[in-house]
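Protein chains: 2
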Amino acid sequence: MTDCEGEGPLELYEQLTAQGDRVRALKTAKAEKAEVDAAVQLLLQLKVDYKQVTGQDYKAGSPPSENSVAPDNRPATEGADDEDTVDPWNVSTTNAKGVDYDKLIVRFGSSKIDQELVDRIEKVSGQRPHHFLRRGIFFSHRDMHQVLDAYEKQKSFYLYTGRGPSSEAMHVGHLIPFIFTKWLQDVFDIPLVIQLTDDEKYLWKDLSLEECQRFAVENAKDIIACGFDVNKTFIFSDLGYMGACPEFYRNVVKVQKHVTFNQVKGIFGFTDSDCIGKISFPAIQAAPSFSSSFPKIFGSRKDVQCLIPCAIDQDPYFRMTRDVAPRIGYLKPALLHSTFFPALQGAQTKMSASDANSSIFLTDTPKQIKNKINKHAFSGGKDTVEEHRKYGGNPDVDVSFMYLTFFLEDDEQLEKIKQDYASGALLTGELKKILTELLQPMISQHQEQRKQVTEETVQQFIDLKKAHH
Amino acid sequence: MTDCEGEGPLELYEQLTAQGDRVRALKTAKAEKAEVDAAVQLLLQLKVDYKQVTGQDYKAGSPPSENSVAPDNRPATEGADDEDTVDPWNVSTTNAKGVDYDKLIVRFGSSKIDQELVDRIEKVSGQRPHHFLRRGIFFSHRDMHQVLDAYEKQKSFYLYTGRGPSSEAMHVGHLIPFIFTKWLQDVFDIPLVIQLTDDEKYLWKDLSLEECQRFAVENAKDIIACGFDVNKTFIFSDLGYMGACPEFYRNVVKVQKHVTFNQVKGIFGFTDSDCIGKISFPAIQAAPSFSSSFPKIFGSRKDVQCLIPCAIDQDPYFRMTRDVAPRIGYLKPALLHSTFFPALQGAQTKMSASDANSSIFLTDTPKQIKNKINKHAFSGGKDTVEEHRKYGGNPDVDVSFMYLTFFLEDDEQLEKIKQDYASGALLTGELKKILTELLQPMISQHQEQRKQVTEETVQQFIDLKKAHH
Numbered sequence: 001m002t003d004c005e006g007e008g009p010l011e012l013y014e015q016l017t018a019q020g021d022r023v024r025a026l027k028t029a030k031a032e033k034a035e036v037d038a039a040v041q042l043l044l045q046l047k048v049d050y051k052q053v054t055g056q057d058y059k060a061g062s063p064p065s066e067n068s069v070a071p072d073n074r075p076a077t078e079g080a081d082d083e084d085t086v087d088p089w090n091v092s093t094t095n096a097k098g099v100d101y102d103k104l105i106v107r108f109g110s111s112k113i114d115q116e117l118v119d120r121i122e123k124v125s126g127q128r129p130h131h132f133l134r135r136g137i138f139f140s141h142r143d144m145h146q147v148l149d150a151y152e153k154q155k156s157f158y159l160y161t162g163r164g165p166s167s168e169a170m171h172v173g174h175l176i177p178f179i180f181t182k183w184l185q186d187v188f189d190i191p192l193v194i195q196l197t198d199d200e201k202y203l204w205k206d207l208s209l210e211e212c213q214r215f216a217v218e219n220a221k222d223i224i225a226c227g228f229d230v231n232k233t234f235i236f237s238d239l240g241y242m243g244a245c246p247e248f249y250r251n252v253v254k255v256q257k258h259v260t261f262n263q264v265k266g267i268f269g270f271t272d273s274d275c276i277g278k279i280s281f282p283a284i285q286a287a288p289s290f291s292s293s294f295p296k297i298f299g300s301r302k303d304v305q306c307l308i309p310c311a312i313d314q315d316p317y318f319r320m321t322r323d324v325a326p327r328i329g330y331l332k333p334a335l336l337h338s339t340f341f342p343a344l345q346g347a348q349t350k351m352s353a354s355d356a357n358s359s360i361f362l363t364d365t366p367k368q369i370k371n372k373i374n375k376h377a378f379s380g381g382k383d384t385v386e387e388h389r390k391y392g393g394n395p396d397v398d399v400s401f402m403y404l405t406f407f408l409e410d411d412e413q414l415e416k417i418k419q420d421y422a423s424g425a426l427l428t429g430e431l432k433k434i435l436t437e438l439l440q441p442m443i444s445q446h447q448e449q450r451k452q453v454t455e456e457t458v459q460q461f462i463d464l465k466k467a468h469h
Numbered sequence: 001m002t003d004c005e006g007e008g009p010l011e012l013y014e015q016l017t018a019q020g021d022r023v024r025a026l027k028t029a030k031a032e033k034a035e036v037d038a039a040v041q042l043l044l045q046l047k048v049d050y051k052q053v054t055g056q057d058y059k060a061g062s063p064p065s066e067n068s069v070a071p072d073n074r075p076a077t078e079g080a081d082d083e084d085t086v087d088p089w090n091v092s093t094t095n096a097k098g099v100d101y102d103k104l105i106v107r108f109g110s111s112k113i114d115q116e117l118v119d120r121i122e123k124v125s126g127q128r129p130h131h132f133l134r135r136g137i138f139f140s141h142r143d144m145h146q147v148l149d150a151y152e153k154q155k156s157f158y159l160y161t162g163r164g165p166s167s168e169a170m171h172v173g174h175l176i177p178f179i180f181t182k183w184l185q186d187v188f189d190i191p192l193v194i195q196l197t198d199d200e201k202y203l204w205k206d207l208s209l210e211e212c213q214r215f216a217v218e219n220a221k222d223i224i225a226c227g228f229d230v231n232k233t234f235i236f237s238d239l240g241y242m243g244a245c246p247e248f249y250r251n252v253v254k255v256q257k258h259v260t261f262n263q264v265k266g267i268f269g270f271t272d273s274d275c276i277g278k279i280s281f282p283a284i285q286a287a288p289s290f291s292s293s294f295p296k297i298f299g300s301r302k303d304v305q306c307l308i309p310c311a312i313d314q315d316p317y318f319r320m321t322r323d324v325a326p327r328i329g330y331l332k333p334a335l336l337h338s339t340f341f342p343a344l345q346g347a348q349t350k351m352s353a354s355d356a357n358s359s360i361f362l363t364d365t366p367k368q369i370k371n372k373i374n375k376h377a378f379s380g381g382k383d384t385v386e387e388h389r390k391y392g393g394n395p396d397v398d399v400s401f402m403y404l405t406f407f408l409e410d411d412e413q414l415e416k417i418k419q420d421y422a423s424g425a426l427l428t429g430e431l432k433k434i435l436t437e438l439l440q441p442m443i444s445q446h447q448e449q450r451k452q453v454t455e456e457t458v459q460q461f462i463d464l465k466k467a468h469h
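One line per chain: the protein sequences are A and B, in this order.
Quick note on the UniProt record's numbering: the first sequence kicks off at 1 and runs consecutively.
Quick note on the UniProt record's numbering: the second sequence kicks off at 1 and runs consecutively.
With the rest of the complex left out, here is chain A:
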């Protein structure tokens, strides 16, 4: 999939020219049809992008003129859906409000989490829905009604989520699926498996196996600090579990037999130059969706329904999994999708663990938190206090306000802040102060809880032998 981040008209023009050359070269060389088709498809996509960005059709040999920006691509609040890129490795949009999630639901073929579903979760669980549900942070699902139908008939299910341990440092955005998963575990009282894809990170990044395994252990500590029940939670890294459970590899091979290179090429955008590890990896992320991958938890039961809470960018893996499941005699996993957590600089991109200023890290001090929010959090406020008081700010593009929707639990307080900010009664500095004073104790508390997670605690979570029920 193309990475659209930060591409101007000239970069696009140059990409288009290079891609045109490549297509001609492939045709001359009588390359395989699939290869030529893929190259042509990318070329066409680039042409669409070019037209959108410049408002002009691409012409070989004539670079874009200075003022060639399409009207609907001038910095504006309403962005074009076609520019949203969402896959496991790239998320980008030109819209300051972030990705258009309603259009994503249509594109991915999932279902919206509507009020009816939220009400039903409340009824079945007997608990007030988590604010991530109330506020549409978990906004999309697959088969959640089926999960609830079964649960009402005393057929239980299990939860599966995960993380790619690409570095020691996790940021607050990484906690979203875990915070929500813990809520689901508490409310439904069900087992949970957490996959740390250290093998994936080894395959994708310039890291050694040892580094990836170390990151997995460090990340596990942050995850455990979220408060999971050790008796109902199994955390595993692929590099460890693959060599400890033959049933897991059996399921990996089953998936690998039923997915072709053509399919992963279409779903993940792999090319012939990708290593064979990347190409077969999707089967490893698929396998935990089947209860038979965890005989120590589920015994010989192959029919325990799986529910996966995850960010929407992971959906391609599970679209593939759901396609394969019935062909190998397994249940399709159900899904709950979250929106992306915005970078401090704005909702156009997901946060990056490699840029310390793009987000609040779980290791930040109170002072760092304050400075980052004050310096880097994109503001929807006006340029002067006078203007702000007169016209009000825009909470829809204000990152501090967005962060509050994630972490401030009180609905009334949040609504009041929104109205005050929009009316101009609340200034940007004041809004930032509210967020700072919410996050500082939250992060400190996380750090306290993490300190209490010893190597021994980690061992308890990854212990295969413990009884999970």
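What the hints contain is simulated information worked out from the structure, not anything from laboratory work.
Hints may be right or wrong, so weigh each one.
[What the hints assert, rightly or not] Using C-beta positions, here's what the derived DEER-type ranges look like: (1) B/K302 to A/D355: 33 to 39 Å; (2) B/E456 to A/R107: 57 to 63 Å; (3) A/H145 to B/T271: 57 to 63 Å; (4) B/T17 to A/D57: 32 to 38 Å.
Even for Gly, the Cβ is constructed at its ideal location relative to N, Cα and C.
Fit chain B to the known structure of chain A by using the hints.
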């Protein structure tokens, strides 16, 4: 591998021209170095083939002339090398004597096992070379001199061989690598690992995981019946060992990171329609070439040299392995290649486990053995006794005689049979009787030894915990 079957000078010329275009196109398109290198390598190989077929150097724009066929490539009883197909799934030739192995050595870039090497093995081991070595049944090698150099300096090595358990029934041809490996183990007193690729058979055949695992156990019994030393031999199936040894999966992932789809496409002929399991499988056959895949045998030693005795059709896996090894900090495995065991019907193809009449199975009764040899073994004799007495038979294409070269240990007796058959003194029926009377007790003895292999014995061979030294 390119499938050279039936390629004439003109087809080769056209392929070469297209490949030249392709290389230029890739360079123009600034394709990745690995991709360009692979294309260039294929181009060079095609040029070598072209020269061999036409006796001329390739010149762009000048197609081959009618009579441009190299003297040694004219259609003749001496079959054209270009028609031999040798890869892990296909072996075929139009030559009744079988594949042209000298040409295969040139094509694969391996080295001939010459008299000097046979003598050296005798000197280093202090044992008379096995008749498979004396008679050129193991005919090709990679780095065997290095293995012997190191062995002379007290640096030991280990043996690795394997089998794809595609059915319960093994035939006598399947025993060749095991008979020879046992001899090597006895003579050099070294550890041996035997891989049963039940995952491969699941991926390639219409079989269930359970069937493949069952075949692996049944085949293990036949292998054990060859007499391997339980204290120095570890037998494992992929579906079992992958889930029992994290170090094995670590090495699989290391290989998978360093091999692209382009490379396996070039080596194994995979296409975009192949499943991702097939595409990544070569890494699983590669991993046992590294001693760190067996921590229970070698502890933390990553530098124990591996020697792989196998049929030449498995070489593509190990060419790939040898290419990857230095890039992941491991030693390249050395190899000893055997010729193919001919089908009863003739040396044009390898035997097929699915055709009961194509070979002698390890489960055949003395009567079945006699009938199969009499009915199906292709004869190099003349049509009538009179003609045969007058002109003699042709032992080079006679399958009964070929089988004797594999199983009759006495060199003098074999030579006398050959001369008598060529002179006409020995009739086809008499030759068949000699083979029958050799194989009947051999197979019966194998069946006796196999009967003594209990499930418990199998467990001893696959036991990870036993001390191997």
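For which of the previously enumerated hints does the structure constitute a violation, in increasing order of number? Structure breaks hint 3 only.
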